Amino acid sequence: MNEKIKTILVAVLAVITLALSAATIIAPKKTYSEQENRYLEDPPVLSAEEILNGSFMKDSESYVSDHFILRDIFMTVRAGYERLTGRNRVNNVYLGEDGYYIEEYNGLQNAARIVSAVTRLTERCESANIRAVLVPTSVSVYADKLPATAKGTDQETDRQALMKSVSERIENLKPSDGGKNFSWVDVAEAFEGAKKEQLFYKLDHHWTTYGAYVAYREIITSFGFAPLERSLFTERTVSTAFKGTFSSKVNDLLAKPDNVTVFESDRLSLTVTYPDRNLTTDTLYAQEYLTKKDKYSYFLNNQNTFVEIHNANAQSDRVLAVVKDSYANCLVPFLAEHFETIYVFDPRFYRGKISDFINENGVTDVLFLYNMYTIDSDAGINKIQ
Amino acid sequence: MVFSSLLFFFLYLPLFLVLYFVLPKRAKNYVLLAFSLVFYAWGEPVYVFLMLGMTLSDYILGRFMNRFDQNPSKRKMCLILSIVIDLSCLAFFKYAGFLVGTINAIPGVSVSFRKIALPIGISFFTFQTMSYTIDLYRREVSVEKNYAEYLMYVSMFPQLIAGPIVRYQNVKESLHERTVKANDITDGAMRFVYGLLKKVLLANRLGTLWDDAKLLSDPSTAMAWLGAVAFTLQLYLDFSAYSDMAIGLGRMLGFRFNENFNYPLTADSVTDFWRRWHISLSTWFRDYVYIPLGGNRCKVSRQIFNLAVVWFLTGLWHGASWNYVLWGVYYGVLLCLEKFVYGKKLEKAPKFLRHLYLCLIVVVGFTVFAIEDFSKMASYLASMFTVRGGLANRELLFYLQNYGWVLAVSIIVSLPVFPALKRKLENAGSRTRAVLSAGYAVLVAAAFLAAVSYMVADTYNPFLYFRF
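Listed in order, the protein sequences are those of chains A and B. When we follow the numbering used here, the leftmost residue of the first sequence carries the number 1, and every step to the right adds one. When we follow the numbering used here, the leftmost residue of the second sequence carries the number 386, and every step to the right adds one.
Rather than coming from a laboratory, the hints here were simulated on the basis of the structure. Because the structure is a prediction, the values reported are computed rather than measured. Note that CB positions come from ideal geometry on N, CA and C, so glycine has one too. Errors might be hidden in some of the hints.
[Claimed, not checked] Below, in silico cross-link-like pairs of lysine to any residue (SDA-like), each with a Cα-Cα straight-line distance of 20 Å or less: (1) A:6 x B:565; (2) A:151 x B:397; (3) B:807 x A:36; (4) B:807 x A:5; (5) A:4 x B:829; (6) A:6 x B:571; (7) A:249 x A:36; (8) B:566 x A:195; (9) A:249 x A:48; (10) A:151 x B:413; (11) A:6 x B:570; (12) B:566 x A:1; (13) A:6 x B:806; (14) A:6 x B:830; (15) A:4 x B:828; (16) A:6 x B:810; (17) A:6 x B:821; (18) A:30 x A:50; (19) A:58 x B:565; (20) A:249 x A:34; (21) B:807 x A:7; (22) A:6 x B:828; (23) B:599 x B:782; (24) B:736 x B:654; (25) A:58 x B:397; (26) B:566 x A:5; (27) A:151 x B:572; (28) A:383 x A:119; (29) A:195 x A:229; (30) A:6 x B:572; (31) A:6 x B:817; (32) A:4 x B:464; (33) A:4 x B:807; (34) A:4 x B:565; (35) B:599 x B:762; (36) A:58 x B:430.
[Stated by the list, open to error] So the derived list for chain A, only partly shown, Cβ under 10 Å to chain B, looks like this: (37) 11; (38) 18; (39) 26; (40) 60.
Whenever a hint applies, use it, and build me the whole structure from the sequences.
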């Protein structure tokens with residue numbers, strides 16, 4: 001290389017390096033990363049012990065990495081570079097067609113745990129009707145949008161097998177109390193017919209409100225109600241800037257964000273109680289999350305151990321208990337049309353026995369609803385009884 | 386601290402360079418020494434004292450050897466003591482657990498043993514400090530009277546933890562007196578950046594491919610080969626990147642370290658490969674083990690014995706595990722075959738075939754090197770040499786799609802393409818050269834920014850030599 005140009009290049013690289021160093025040192029430090037949805041490393045503690053066991057060094061390295069200047073922008077540059085070099089999977093998320101990010105599916109690790117949880121719950125509930133849903137995720141519903149070379153396991157096969165083993169276990173329960181009223185609600189077929197419209201967010205692992213509506217039609221039918229037609233709701237876009245968990249994994253600031261839509265109804269007259277938050281309100285939505293990164297938390301106010309919902313205008317006086325993951329959060333508004341009372345449980349946090357609650361509080365119906373990812377990874381499944 | 390970590394590159398290194406160049410000449414060695422010790426203590430806050438002890442013992446024994454200049458038996462005693470101390474430390478901290486494990490594998494034997502953590506870089510600095518006392522005994526160097534400078538030679542952070550193994554005789558003058566010209570700074574910096582780009586943009590990427598490949602339950606034949614090729618390229622690019630960074634940094638400070646790699650993947654025989662791969666290690670074994678044993682100036686059976694010793698030790702040097710020994714012995718056997726059986730015939734074969742022969746040997750060799758567990762190794766090799774997982778499948782397409790570019794660029798960088806281009810352009814007009822230089826500079830700057838983004842966003846930045 002020409003000596004003069006070499007000198008200029010070295011000088012430029014040195015200036016860039018020093019500028020980034022200085023800016024990283026001087027810049028004010030954040031404690032939380034919205035983009036990555038996590039708390040950043042605290043400044044390392046200097047003590048003899050921390051030095052001798054090496055944790056001071058480790059913490060310093062993560063501190064510098066977490067607080068490096070323009071971290072979000074560098075992550076976007078990296079994502080762009082990955083894409084440029086043919087990468088179609090970043091942090092286990094495929095970059096699919098039409099802007100869909102789709103999480104890779106690698107099979108169930110905890111099938112036995114799931115089967116016993118559902119069986120146990122059914123066994124312990126004395127008289128309620130139990131409906132269970134395993135929601136397929138975008139990797140299965142939108143398999144046609146995956147890159148042609150994508151690998152991974154077939155989620156649908158696993159899902160069918162899982163439903164079958166649960167059904168068999170429940171059929172073998174002793175019919176001492178006249179048998180159980182348990183059945184699966186399979187939403188896959190309904191999804192297949194409705195998937196032209198967006199059933200899942202493109203940048204998040206949740207289903208859209210429309211996805212939940214399609215599932216609602218199947219679920220409510222199985223509970224013996226007629227589903228409300230779509231035209232009876234007012235669809236309103238409450239945010240056009242939702243970048244969910246997949247976007248955090250891929251870290252591409254340039255990806256086009258999702259819209260968050262809500263199906264509004266004027267038929268509800270609600271009293272919603274969140275004991276965790278000491279909060280009683282008349283809505284199933286939490287406005288404040290629309291200005292934060294995690295906009296899906298708008299539905300049912302993020303995570304709660306337990307929520308109690310009453311609708312004075314409900315179609316029936318039946319009482320529903322929902323045992324669920326976050327997918328249920330945007331489904332509950334539809335269910336509230338039909339049930340006077342809904343109790344919502346998050347088994348991860350709920351300390352008592354859900355079945356005792358169900359038996360003692362006049363619950364007539366139970367909905368067990370998880371998506372195919374959460375049901376495998378969620379540690380709360382084990383606590384269900 | 387890994388050279389390609391944010392903390393090192395953006396804080397430690399700039400702070401060091403600024404202090405080093407700002408402070409007067411007599412302070413420079415102390416700055417370098419202090420930063421080297423902190424650098425080592427960063428990874429080994431306790432074992433830094435082991436390094437201090439080993440260097441101190443060799444320094445003192447060196448002084449004694451000098452004092453007993455006229456007394457051959459006492460000189461010899463000093464040398465023996467030095468070698469015994471160094472090798473005992475190495476044996477205890479690196480091989481004790483392995484030895485106990487091997488003994489315990491014998492049925493009916495059970496020796497209890499508390500696992501000792503391996504000090505980073507112990508094999509590198511032990512070999513460096515040993516080379517000094519041996520050379521001193523052979524009267525190839527004169528004695529070092531300043532302990533701080535001796536310690537600085539052994540602990541110098543550019544080459545401390547991943548080589549090259551620098552011999553005292555090569556840097557003796559520069560330890561006391563060295564000059565840095567403008568082009569030492571620019572060439573040294575460019576060499577460092579080149580190493581950094583190789584490590585971050587190529588080796589680390591390939592590493593994720595290999596990590597995936599070795600976990601596949603039943604890879605197709607082509608996939609298994611792809612994984613093994615990826616590991617081979619990763620190890621070469623990563624290891625030579627460390628040498629590039631060490632040589633570049635050394636040059637910026639006024640040291641000239643010998644080259645450690647010379648495009649080993651272009652070799653056309655095993656003999657040739659080992660002249661080009663980790664040169665500082667193979668010459669170390671040649672000068673301090675092979676030649677003292679008699680080298681090749683003895684009868685064939687003794688030569689084979691000498692080779693066996695050297696290659697058993699070479700394998701063992703790379704890690705306290707039988708797979709490394711197997712890897713060393715594999716090369717020992719191949720070298721014997723080339724030397725005594727088919728070497729002459731090989732020379733007559735077309736260049737293309739010779740090269741293919743070598744590449745196959747190297748890729749299979751590194752597969753053995755990469756997998757410590759023998760049953761997993763056997764299973765992986767079986768996938769490579771049978772079609773039990775099919776010849777190729779969709780998985781292969783996925784990895785080719787995702788890693789095709791990285792593989793292609795890695796192969797180009799592993800071959801002497803740039804030096805060849807440079808030679809071609811020597812006769813071009815000065816204008817053409819300036820334009821091409823500018824284009825190259827822009828490319829390097831863009832790659833540098835990409836590398837920074839990877840350093841910031843990527844958690845995958847392995848240090849492959851912790852077993853050495």
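Against the structure, the hints come out as follows:
1. A:6 x B:565: 17 Å, holds
2. A:151 x B:397: Violated: residue 151 of chain A and residue 397 of chain B sit about 42 Å apart, past 20 Å.
3. B:807 x A:36: Distance ~44 Å between residue 807 of chain B and residue 36 of chain A Cα, so the pair is violated.
4. B:807 x A:5: 15 Å, holds
5. A:4 x B:829: 15 Å, holds
6. A:6 x B:571: At roughly 7 Å apart (the allowed maximum being 20 Å), residue 571 of chain B and residue 6 of chain A satisfy the hint.
7. A:249 x A:36: Holds. Residue 249 of chain A to residue 36 of chain A sits at ~8 Å (cutoff 20 Å).
8. B:566 x A:195: 68 Å, violated
9. A:249 x A:48: Not OK: residue 249 of chain A and residue 48 of chain A at ~36 Å, beyond 20 Å, violated.
10. A:151 x B:413: Measuring from Cα to Cα gives roughly 55 Å; hence the hint is violated.
11. A:6 x B:570: 11 Å, holds
12. B:566 x A:1: This hinted pair holds, its Cα atoms lying about 17 Å apart.
13. A:6 x B:806: 17 Å, holds
14. A:6 x B:830: With Cα atoms ~11 Å apart, residue 6 of chain A and residue 830 of chain B stay inside 20 Å; holds.
15. A:4 x B:828: Holds, because 16 Å separates the two Cα atoms, which is no more than 20 Å.
16. A:6 x B:810: Holds. Residue 6 of chain A to residue 810 of chain B sits at ~16 Å (cutoff 20 Å).
17. A:6 x B:821: Answer holds: residue 6 of chain A to residue 821 of chain B is near 12 Å, not above 20 Å.
18. A:30 x A:50: With a Cα-Cα distance of about 24 Å, the restraint between residue 30 of chain A and residue 50 of chain A is violated, given a limit of 20 Å.
19. A:58 x B:565: The hint is violated at about 35 Å.
20. A:249 x A:34: 12 Å, holds
21. B:807 x A:7: 18 Å, holds
22. A:6 x B:828: Holds, at about 12 Å.
23. B:599 x B:782: 17 Å, holds
24. B:736 x B:654: 10 Å, holds
25. A:58 x B:397: 15 Å, holds
26. B:566 x A:5: 17 Å, holds
27. A:151 x B:572: At roughly 45 Å apart (the allowed maximum being 20 Å), residue 572 of chain B and residue 151 of chain A break the hint.
28. A:383 x A:119: Status holds; Cα separation ~13 Å.
29. A:195 x A:229: 18 Å, holds
30. A:6 x B:572: 8 Å, holds
31. A:6 x B:817: It holds: about 16 Å lies between the C-alpha atoms, which stays within 20 Å.
32. A:4 x B:464: 50 Å, violated
33. A:4 x B:807: 17 Å, holds
34. A:4 x B:565: Given pair residue 4 of chain A, residue 565 of chain B holds - Cα atoms ~18 Å apart, limit 20 Å.
35. B:599 x B:762: Holds, because 9 Å separates the two Cα atoms, which is no more than 20 Å.
36. A:58 x B:430: Between residue 58 of chain A and residue 430 of chain B the Cα gap is close to 12 Å, so the pair holds against 20 Å.
37. 11: 9 Å, holds
38. 18: Holds, because the Cβ-Cβ distance from residue 18 of chain A to chain B comes to roughly 6 Å (cut-off 10 Å).
39. 26: With Cβ-Cβ at 13 Å, over 10 Å, it is violated.
40. 60: 6 Å, holds
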